[in-house]
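The primary structure of each chain is shown beneath.
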Amino acid sequence: MLKTFSKGGIHPSGNKITSTKEIKRFPLPKVVVVPISQHIGIPSEIIVEVKEKVKKGQIIAKSSGFVSTNIHSPVAGTVTKLDKIIDSRGYKKQCIVIRTDLKDVSNLEEIEYALKEEITLTPKEIFQRISDSGIVGLGGATFPSHVKLSVKEDKKLECLVINGVECEPYLTADHRLMIEKTREIVVGIKILMYALPVNKAIIGIENDKKNAIQSFLSVTKNEKNIDVAVLKVKYPQGSEKQLVKALLKREVPKNGLPLDVGVVVHNVGTIFAIYQAVQYNIPLMERVVTVTGKKLENPSNYWVKIGTPIKDLIKEVGGIPEGTRKLVNGGPMMGKAIKSTDVPITKGTSGILVISEDEASRGEQQNCIRCGKCVYVCPMGLEPYLLMNLSEKGMYEKAFSEDILTCIECGSCSYVCPSNRPLLDFIRFGKEIVKNLQNAKK
Amino acid sequence: MTVSVLYSVLLLVSLGIIAAVVLFVVSKKFYVYENPLIAEVEEMLPSANCGGCGSPGCKAFAEKLVNTEDISDLFCPVGGNDVMKLVASTLGKEVAEKDPTVAVVRCQGSCEVRRKTTEYQGPRTCAISAMIYSGETDCQYGCLGDGDCVAACKFDAMYMNEETELPVVITDKCTSCGACVEACPKDIIEMRPKNKRDLKVFVGCLNEDKAGIAKKACDVACIGCSKCQDVCPKDAISIVNNLAYIDPVLCTLCRKCVSVCPTHSIIETNFPPKKEKIVIKKTEANVKSVKPQKNA
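Those sequence lines, one after another, are chains A and B.
If you read the first sequence in my numbering, its first letter stands for residue 1, the second for the next number, and so on.
If you read the second sequence in my numbering, its first letter stands for residue 1001, the second for the next number, and so on.
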């Protein structure tokens, strides 16, 4: 019997078209657009000027607080503009535009770094490296990693959980990374275990990624403290709280963090970025992005420089096919629709999904028939139909007392609703207002 | 038979007497004094309970009026100067006279001039679609067309024009309570002085983008060219972030700016038509000819 979380959950079809495609290096973009707010927290502060020449990996925007992070230039080139450019929602956000110097040596060569297992830095130096390298949670939440790793003394840390679940349909970025960079990820785990310090690490991988499980099992054969846990396929297992529940049978308290139950969770992508930063001092400049869709000519996984416009990626995979309705930043469950293809890849973009007409259209909304399916599938044990009604009617106090803020926005409720009700839209809206009301009260 | 009728009548009468006594005693014992003026003032107020004054309902506003020393800051936009004068004379307090205002929609981006580049499928309310993304067109400042303002209006003074997908204010019915201003997530609706015969000149655009981008998104967008600023004799026009704004206090309604605007983004209302050029957007005649349709 494989492990999984107990409450709720759904089984959307995987559609992992690109799971056998090797991660290719994406060609050098001519222009990169780097937003200064790519993470949760305070936007970074720009420290370059227009017409300034920047080197690859140079800090172009520095951290402006504890919950903030540095942003590095992904290419060598010249800063051409500091302008407001639309993000995937269509609102204009401050960005740094850099024109790539196509003759620069550092841009042209991509060094393949050898595996370096020896840990030479002290824990303090390791944390400093992670903080300086601008590493954020690459699973999608983009929470600055150094904040997650700064464990307060009164909290007892027992276990490091590595999130290799990737429960979103279509996306295969983490899956490919786990197969291709298994040894590096294991070294990354050892670095964190040494620095935190913690004696136990568990890698959680869903059962549909058998080759990734195999390669981790073979690499960690002689490691007593690193376990590989095989999980039953179920969405949203990649969510921190659900993963902790599945692996350790511990429930993260309401409004709490996994740290409250002695766990720190990191995504495999983040672990690889930490490995690179600590062993080779390479800042976070690129990430794995899955460009996929059923009708695409050539869906693939790529190493993409942060700031590469999405249109370049689309062009590379053969252009937008006929009958496309929607482009999504992320997976089909939690991803957000993209308004324009000028939008750049950010630290949190794990995939670009091209959805065709028949898949994208939402059915006609009908009345709630009180079937209770949404309550059954909610992994947080909430009552989505009630929360929707409350936020639709503006009863925010009641919505707050019904724990609207604990919703993880996984979209399972909207997925199962037979009446096609926009449950998550309204819950998100209610959450936003309740959050503002609670902040105002403080 | 008669006895049972008698018993029940007696029982009910005695019950009634006991209840009356209890109620009398309780009402004397727990009597709360309320200033009779409050009820009197409440009677004068329009009983719209719209919240336009800032208080939750007319009763609360009446209490505030009676209990506050200086009521010159308080104003009932629905009742207007007449009601406030009446209240002031009843209470023996001073009240400031205010120019009546009316809501104006500062966006002209109809489907024709502001082309849709994306399609939105989801709950049709402005608040949610504004949270999810910037709208179906390339203009992130303009009207979303889902009618939150119309739903917020308690006086049926707004309706959605189905052709342009923009809200229209029926100035006669508008009480300037400000509910629509609150409801609009893009802050398109502004309260401007009504002036004589409802004459108004204002910039019907909120686009802060640079000229090229703004013009590409919408044909009637303000491009911040400052032609209006140059022509204005009273310095009433300021340009901030590529967007012109006409100060209603300084503006003398000379309409010089309207004719120089290259994108026709300055709106004039209710002026008699000039010789040939008719740029009137929302005349009353226009409003009356189109049957108001509620779009809930």
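Among the hints, a few may not be true.
[To be verified] In the BS3-like style, the derived pairs of lysine-lysine whose C-alpha atoms are separated by at most 27 Å in a straight line are:
#: 1; chain 1: A; residue 1: 326; chain 2: B; residue 2: 1064
#: 2; chain 1: A; residue 1: 315; chain 2: B; residue 2: 1186
#: 3; chain 1: B; residue 1: 1059; chain 2: A; residue 2: 326
#: 4; chain 1: A; residue 1: 393; chain 2: B; residue 2: 1186
#: 5; chain 1: A; residue 1: 398; chain 2: B; residue 2: 1059
#: 6; chain 1: A; residue 1: 398; chain 2: A; residue 2: 24
#: 7; chain 1: A; residue 1: 311; chain 2: B; residue 2: 1210
#: 8; chain 1: A; residue 1: 393; chain 2: B; residue 2: 1216
#: 9; chain 1: A; residue 1: 221; chain 2: A; residue 2: 210
#: 10; chain 1: B; residue 1: 1186; chain 2: A; residue 2: 336
#: 11; chain 1: A; residue 1: 441; chain 2: B; residue 2: 1064
#: 12; chain 1: A; residue 1: 93; chain 2: B; residue 2: 1059
#: 13; chain 1: B; residue 1: 1216; chain 2: A; residue 2: 30
[What the hints assert, rightly or not] Partial pick of chain B residues on the chain A-facing surface, computed with a CB cut under 10 Å:
#: 14; residue: 1002
#: 15; residue: 1005
#: 16; residue: 1125
#: 17; residue: 1127
#: 18; residue: 1129
#: 19; residue: 1132
#: 20; residue: 1190
Calculated from the structure, these hints are not laboratory results.
Small disclaimer: the values here were computed from a predicted structure and weren't measured.
We put the beta carbon where it would ideally sit given N, CA and C, even for glycine.
Status of the hints after comparison with the structure:
For the hint pairing residue 326 of chain A with residue 1064 of chain B, the CA-to-CA distance comes to about 53 Å; that exceeds 27 Å, so the pair is violated. Using a Cα cut-off of 27 Å, the hinted pair residue 315 of chain A and residue 1186 of chain B is violated, with the two alpha carbons roughly 34 Å apart. Taking the CA atoms of residue 1059 of chain B and residue 326 of chain A, the gap is about 51 Å. The hint is violated against a cut of 27 Å. Note on residue 393 of chain A and residue 1186 of chain B: the hinted pairing holds, with a Cα-Cα distance of about 21 Å set against a maximum of 27 Å.
A threshold of 27 Å between alpha carbons decides the hint, and for residue 398 of chain A with residue 1059 of chain B the separation of about 26 Å falls inside it, so the pair holds. About 50 Å separates the Cα atoms of residue 398 of chain A and residue 24 of chain A, which puts this hinted pair outside 27 Å; it is violated. Restraint check for residue 311 of chain A and residue 1210 of chain B: satisfied, since their Cα atoms lie roughly 23 Å apart, inside the 27 Å limit. With a C-alpha separation of about 38 Å, the suggested pairing of residue 393 of chain A with residue 1216 of chain B is violated against the 27 Å cut-off.
Taken as a hint, the residue 221 of chain A and residue 210 of chain A pair is honoured in the structure, with Cα atoms around 16 Å apart against an allowance of 27 Å. Our distance criterion of 27 Å between C-alpha atoms is met by residue 1186 of chain B and residue 336 of chain A, whose separation comes to about 21 Å. The hinted pair formed by residue 441 of chain A and residue 1064 of chain B meets the criterion: a straight-line CA distance of about 24 Å does not exceed 27 Å. Distance hint between residue 93 of chain A and residue 1059 of chain B is unfulfilled; the C-alpha atoms sit about 45 Å from each other, more than 27 Å.
With a C-alpha separation of about 25 Å, the suggested pair residue 1216 of chain B and residue 30 of chain A falls inside the 27 Å cut-off, and the hint holds. Nearest Cβ of chain A to the Cβ of residue 1002 of chain B: about 55 Å, over the 10 Å cut. The hint is violated. Here the hint on residue 1005 of chain B is broken, as its CB sits about 50 Å from the closest CB of chain A, past 10 Å. Of the supplied interface hints, the one on residue 1125 of chain B holds, with its beta-carbon coming within about 8 Å of a beta-carbon of chain A, less than 10 Å.
Here the hint on residue 1127 of chain B is kept, as its CB sits about 6 Å from the closest CB of chain A, short of 10 Å. Taking 10 Å as the C-beta contact cut-off toward chain A, the hint placing residue 1129 of chain B at the interface holds, the least distance being around 9 Å. With a least beta-carbon distance of about 7 Å to chain A, the hint placing residue 1132 of chain B at the interface is held under the 10 Å criterion. Taken as an interface hint, residue 1190 of chain B does not check out: its beta carbon lies about 21 Å from the nearest beta carbon of chain A, beyond 10 Å.
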